[in-house]
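Once you have looked at the hints, place chain B on chain A.
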Amino acid sequence: MEPMAIVSIFVLAVFVGFEVVSKVSSTLHTPLMSGANAIHGVILVGAIIVADHSSTNLELGLSVAAIILATINMVGGFVVTDRMLEMFKGNKK
Amino acid sequence: MSRTLYDLIGLAAGVAFILALKGLSHPKTARRGNLIGAFGATLATLVVFFYANPGSSLPLNNLGWILGAMLVGLAVGVPAARKVQMTQMPQLVALFNGVGGGAAALVAIVEYLHLGAGATTAEVVFTVFTVIVGCVSFSGSIITFLKLQELMTTRPVIFPAGRFIIAATLASVIGVGGWVVTALGTTPLLVLAALSLLFGVLFVLPVGGADVPIVISLLNAFTGLTVAASGYVLDSVLLIIAGTLVGASGTILTRLMAEAMGRSLFGTLFGAFTAKPQEATGLGEDRPVRSGSPDDVAILLNYARRVVIVPGFGLAVAQAQHTVRELADMMIAKGIDVAYGIHPVAGRMPGHMNVLLAEANVPYEQLAEMDEVNPTFGQTDVAIVIGANDVVNPAAQTSPGCPIYGMPILEVNNAANIIFLKRSMRPGFAGIENELLYDPKTMLLFGDAKASLTKVVSALKAL
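These protein sequences, in sequence, are chains A and B.
For the first sequence, counting from 1, position 47 maps to 47 in our numbering; every step adds exactly one.
For the second sequence, counting from 1, position 120 maps to 120 in our numbering; every step adds exactly one.
Next comes chain A alone, as it looks inside the complex (with noise of 0.2 Å):
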């Protein structure tokens, strides 16, 4: 890809990033800290991609620990978020 292109998409990114959560109360941080970190679960990607190129035991062993790792990181990362916030769901009543 373009070097601009992904400057670009790298600056914006992280504008959203400082917008959407700018105007957080105390309550929801230990949630919001919790889902941001089942999303960067997403390096499952990454590594499922470098498990299909493995060429070697070694790279493919390393890739398949990655894939371990990052599915804890992420589904484990959603779960634990939805039930933290399944709690405040009492409030309502």
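Think of the hints as simulated: they come from the structure by calculation, not from any bench.
Where a beta carbon is used, it is the ideal one built from N, C-alpha and C, also for glycine.
A couple of the hints might just be wrong.
Distance condition first, Cα-Cα at most 27 Å in a straight line; then the derived DSSO-like pairs of lysine-lysine [said to hold, decoys possible]:
# : chain 1 : residue 1 : chain 2 : residue 2
1 : A       : 23        : B       : 22
2 : B       : 28        : A       : 23
3 : B       : 461       : B       : 441
Cβ-to-Cβ under 10 Å is the rule here; a few derived chain B residues that face chain A [to be verified]:
# : residue
4 : 27
5 : 33
6 : 92
7 : 142
8 : 238
Residues from chain A shown here face chain B by an in silico Cβ test under 7 Å; the list is partial [stated by the list, open to error]:
#  : residue
9  : 4
10 : 7
11 : 24
12 : 36
13 : 40
14 : 41
15 : 52
16 : 59
17 : 60
18 : 65
19 : 67
20 : 79
21 : 80
22 : 82
23 : 84
Relative to chain A, chain B alone:
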């Protein structure tokens, strides 16, 4: 699948992540936001299986290994997230963050081995960045996990000449990073990974217990940036967007948390470089305290007009949230004005108490934030501190030398009477003595928070 379609779906996942973070910032939309994020992540993962990278074909190579590894990840991650106790959620988040950082570092190492001499300088630079930061995030998160799980001391670990060792480690990490970029080769990269792991440990060790959540948030932002850097190397717009979003929002969140705790972000982050060994505080002193019985507490409550309940980690440990609600409901029925004073970082993480009390269906209106409740302590007859310590310790306002100095506290010392429900005289997470325990207007009720509260409830019923 064409590259255009693949990229479009990736973009959709990126938008889902933006909506997820946006949703998570508001109480009403938080849960939906998280589900949107999970949807985006699932979409992004599924689509990889249907796109053949240049020079590769479908189905993916090593498909069995890939699916098997994902199943293992699911088998570990889902039960861990489902079964974890409320009190242990913070360390689980730390652990999830750590494995994410580890995954990013592994991906970078594999891609580096794969590219070999064909890598461009920019690719190598980004790989070096990912390996360093991913490894720091991994080992740093493990240390925060050990601290929160109390498998190691929660106090700052400071050793002689510590800051020079840390500075030297950081310098060698950067030096070896430069070596990798110029010399290439597998050995320098492995040396780099090892040094970065060491730096992560050294970086987090001097952080005191109360600052741990800030560090977790920071390491979370770090992991985000490594994902963005991997996205560059792997030519994936989605990873660049997702990683940058987490990096940026994580940085803001870290700053907000530090503000909520009245800590300077700089002081927390570079505490490692500036920390000096602290003088031992007056621990183990044998001074008289006034301890009472559940009946004493019930009588005090019965004749109060206004009561503020200050919950802390002890409430979470004892799972006493339902019992405390029962007590509050009884007092309200007697016409007593009851509020919960919520310190933003009571427990082990910001918002910990809100989550816990929400589980017991405590009405939202009864939860008062620190700024709201502090001016009312002057008119409060009884403040009940349940398993909290550091967040009400006046030392944060009065003794400049102590590790929590400057942290805003709930000023229960202004209430007419203070009741502490504590397991023992052991100091709080930050390891500092609390003068308030010896105050003449303080009454201590020793024991497990749930057991003590149950006794108080029955004593109050009997009155």
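Results for each hint:
1. A:23 / B:22: holds, 10 Å
2. B:28 / A:23: holds, 14 Å
3. B:461 / B:441: Judged against 27 Å, a Cα distance of about 24 Å means the pair holds.
4. 27: holds, 6 Å
5. 33: Since the shortest Cβ distance to chain A is 7 Å, the answer is holds.
6. 92: holds, 6 Å
7. 142: Constraint on residue 142 (chain B) not satisfied, violated at 12 Å.
8. 238: With Cβ-Cβ at 7 Å, under 10 Å, it holds.
9. 4: At 13 Å from the nearest chain B Cβ, residue 4 (chain A) fails the 7 Å test, so the hint is violated.
10. 7: violated, 10 Å
11. 24: Interface hint status for residue 24 (chain A): holds (4 Å vs cutoff 7 Å).
12. 36: holds, 5 Å
13. 40: holds, 5 Å
14. 41: holds, 6 Å
15. 52: Constraint on residue 52 (chain A) satisfied, holds at 4 Å.
16. 59: Where the cut-off is 7 Å and the nearest Cβ of chain B is about 5 Å from residue 59 (chain A), the hint holds.
17. 60: Residue 60 (chain A) check passes; min Cβ-Cβ to chain B is 6 Å, inside 7 Å.
18. 65: holds, 6 Å
19. 67: holds, 4 Å
20. 79: Holds, about 4 Å.
21. 80: holds, 4 Å
22. 82: holds, 6 Å
23. 84: holds, 6 Å
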